[in-house]
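The task is simple: from the sequences and hints, build the whole structure.
Residue numbers (the UniProt record's numbering), protein chains in the order written: chain U, 1 to 356; chain R, 1 to 288.
For the record, the hints were derived by calculation from the structure and aren't laboratory data. Predicted, not measured: the structure shown is a model, and the values here were computed from it. In this text, a Cβ means the ideal position worked out from N, Cα and C, and glycines have one as well. A couple of the hints might just be wrong.
Said to hold, decoys possible - Computed beta-carbon distance windows for the label pairs:
| hint | chain 1 | residue 1 | chain 2 | residue 2 | range |
| --- | --- | --- | --- | --- | --- |
| 1 | R | 13 | U | 53 | 54 to 62 Å |
| 2 | R | 204 | U | 266 | 29 to 37 Å |
| 3 | U | 259 | R | 66 | 39 to 47 Å |
| 4 | U | 264 | R | 210 | 16 to 24 Å |
| 5 | U | 347 | R | 230 | 41 to 49 Å |
Claimed, not checked - The following residues of chain R were derived to be distant from chain U, with all beta-carbon distances above 10 Å:
| hint | residue |
| --- | --- |
| 6 | 21 |
| 7 | 168 |
| 8 | 208 |
| 9 | 259 |
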Amino acid sequence: MTAAPTPGSPGVVVVTGVSRFLAATVAGRLAADPSVGRVIGLDSVAVPDAVAPLLRGVERISADERDAASAIADLGATAVAHLAITAAPDRTDDDGVHKERNIIGTMRLLAACQQAPGLRKLVVRSSTAAYGASFRDPAVFTEETEPRAVPRGGFARDILDIEGYVRGFCRRRPDVVGTVLRFAPVIGSAANTTLTRYFSSPLVPTVFGRDPRLQFVHLDDAIEVLVRAVTGDHPGTFNVAGPGVLTLSQAIRRAGRIGVPVWEGGLSAAAALARGLDLRGFSFDQLDLFVHGRVVDTDRLIAEFGFQPRSTAEAFDDFISAHRGGTVIPAAQVAAAEQAILDGIRQARRARSGHV
Amino acid sequence: MSEIAPPPGDLWDQRVAAGLAFLRGRLTGDYEVDEFGFDPQLSDHVFQPMLRFLYHHWFRTEVRGVEHLPEKGAALVVANHSGTIALDALMLSVAINEAYPVGRNLRLLGADLVFRTPILSELARKSGATVACHADAERLLETGRLVSVFPEGFKGVGKGYLQRYRLQRFGRGGFVSAALRTGQPIVPVAIVGAEEAYPMLADIQPLARLLGLPYFPVTPTFPWLGPLGLLPLPSKWLIEFCPPIPTDELAGHADDPMAVFDLADQVRETIQVAVRQLLTQRPDPFGG
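Okay, structure coming up:
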């Protein structure tokens, strides 16, 4: 990246959700970028110690979204990166607080952006969950694909609402460059999400009779795309995913885990129960992903950003190499067994032909 | 680990080694699946060999007009649909696979019921099928695939034996607009033999409604013989590829309902005529 400020490069950047790894890394990268003036990290919860070192050079405001309005206008923000939208709730949150953080937080932030005359750019972290889940869905979603049905997962519904608000905001403020990034599930050696925890256990539950097509995006690529979205001008909606596809069964085999098929009705009941009992870690969002799968087209991202994320298989392999611990069937042992069987057969045949 | 040198030129040994390597690849997830879920390795090594047996030895299939298939690039293969369960689609995929020296894979467009059903949905995806919708049809055609569609849908497979080889209505002609929008040729195909493989004598509608199916078939063997009734009768099959209909001249008319209906009718008529001709060449449905 060049030191000279490019026309699109922002003076004051506000990044929301910096208590989390991804947003904190993006904020840190932007602060280290000489073409970016000031970087302000906004979060309603305290930044954990593990994340704090990433925020070098980032001014922190531990503001509630309620106070964000004054903050964004007072600071003279020229760009806002709204990364506080998350699929997995914090363990300390209850469901209502989580929904509040996603939806109400976005509404308040957009209201604040409306009041900031100097604002030129809005980058929003969205999710491919925006495409919903239906049996009549096309195999590959482009940015233009409309969801066929309202998804039953809470997060997917939040995402649809949030994107609606962002579209409304961009209509009201045509002078602001709006970038909506729909991320596939983020994975990588350092990522810690519900999905990575799912693949970390030796026995992996799957839906009986379903083998969904999955796509991942590597954590580093997700960060790179977010940084480029803030420092450059890329208006529009973009899918962000690693090219290529892994089926769930294939991913489980690559990870050396064992899939345990479970009847879908049972899983649905479990998901409903988990919601009722306020349990974490299992939701209709994940169940829908494991029944329908989700594959998106990334041509628009590659053409506009000039950046190709590493493939889904590469991203998954990187994740696996960091989680060797739970491997039940290591690939090396399978290869050794193959060689042993082949040698055994050859020896037996040689012995027989020797006798003849 | 000490490796034992393979006996040179031993075909049996090579087969064992290849088989073991295949199993290892499957067990460790070391294979490619495309964005539609198509698993070429599984298709080439497992599905197609099984279907080929049925194709050659059970149905004794004869193919005509393979020269009408494009040498390379995309085409929309449109066929009549019959025979209670959609075996004709699978036999068509074998015919096309064998029509090319390197073996090309036919990408079927299936009803959403297929993709709603557990297990079946995954078998369909892995063998190269996807949901019949504009987005997928056009994406496959744009990337140079051979795509097949059965516009009669359930009206075709679910018709009684008395109506055999009478083509049903061609739906809304959505397949035509997909071909027009992508400018790819349409290859009409007539398939004869599927009707006798599962002759549907009756349709128990109340039972079908109860099970959420479009029809509940009664054939000479099903449901009387239980799972054995799923075995198709050994009818004689003929498949004829008709001359391709180019669509590049009509490229701008994808949204013109008149042009779409006319072309759909033309395709339907071509297939109906070809089916009748094939029937005269096959006086005995089970002979030959």
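Right, here's what the structure says about each hint:
1. One distance hint, 54 to 62 Å for the beta-carbon pair residue 13 of chain R and residue 53 of chain U, holds here, with the actual separation near 58 Å.
2. Look at residue 204 of chain R against residue 266 of chain U: about 31 Å separates their beta carbons, and that is inside 29 to 37 Å.
3. Taking 39 to 47 Å as the suggested C-beta distance range, the pair residue 259 of chain U and residue 66 of chain R conforms, at roughly 41 Å.
4. For the pair residue 264 of chain U and residue 210 of chain R, the beta carbons lie near 20 Å from each other, so the given range of 16 to 24 Å is met.
5. At about 43 Å, the beta-carbon gap between residue 347 of chain U and residue 230 of chain R stays in the expected band of 41 to 49 Å.
6. At the 10 Å boundary, the C-beta of residue 21 of chain R falls inside the reach of chain U, the nearest C-beta of that chain being 7 Å off.
7. With a cut of 10 Å on Cβ distances, residue 168 of chain R stays outside the contact zone with chain U, its closest approach being about 22 Å.
8. Against the 10 Å criterion, residue 208 of chain R stays outside the reach of chain U, whose nearest CB is about 19 Å from its own CB.
9. Every C-beta of chain U lies more than 10 Å from that of residue 259 of chain R, the closest at about 24 Å, which supports listing it as non-interface.
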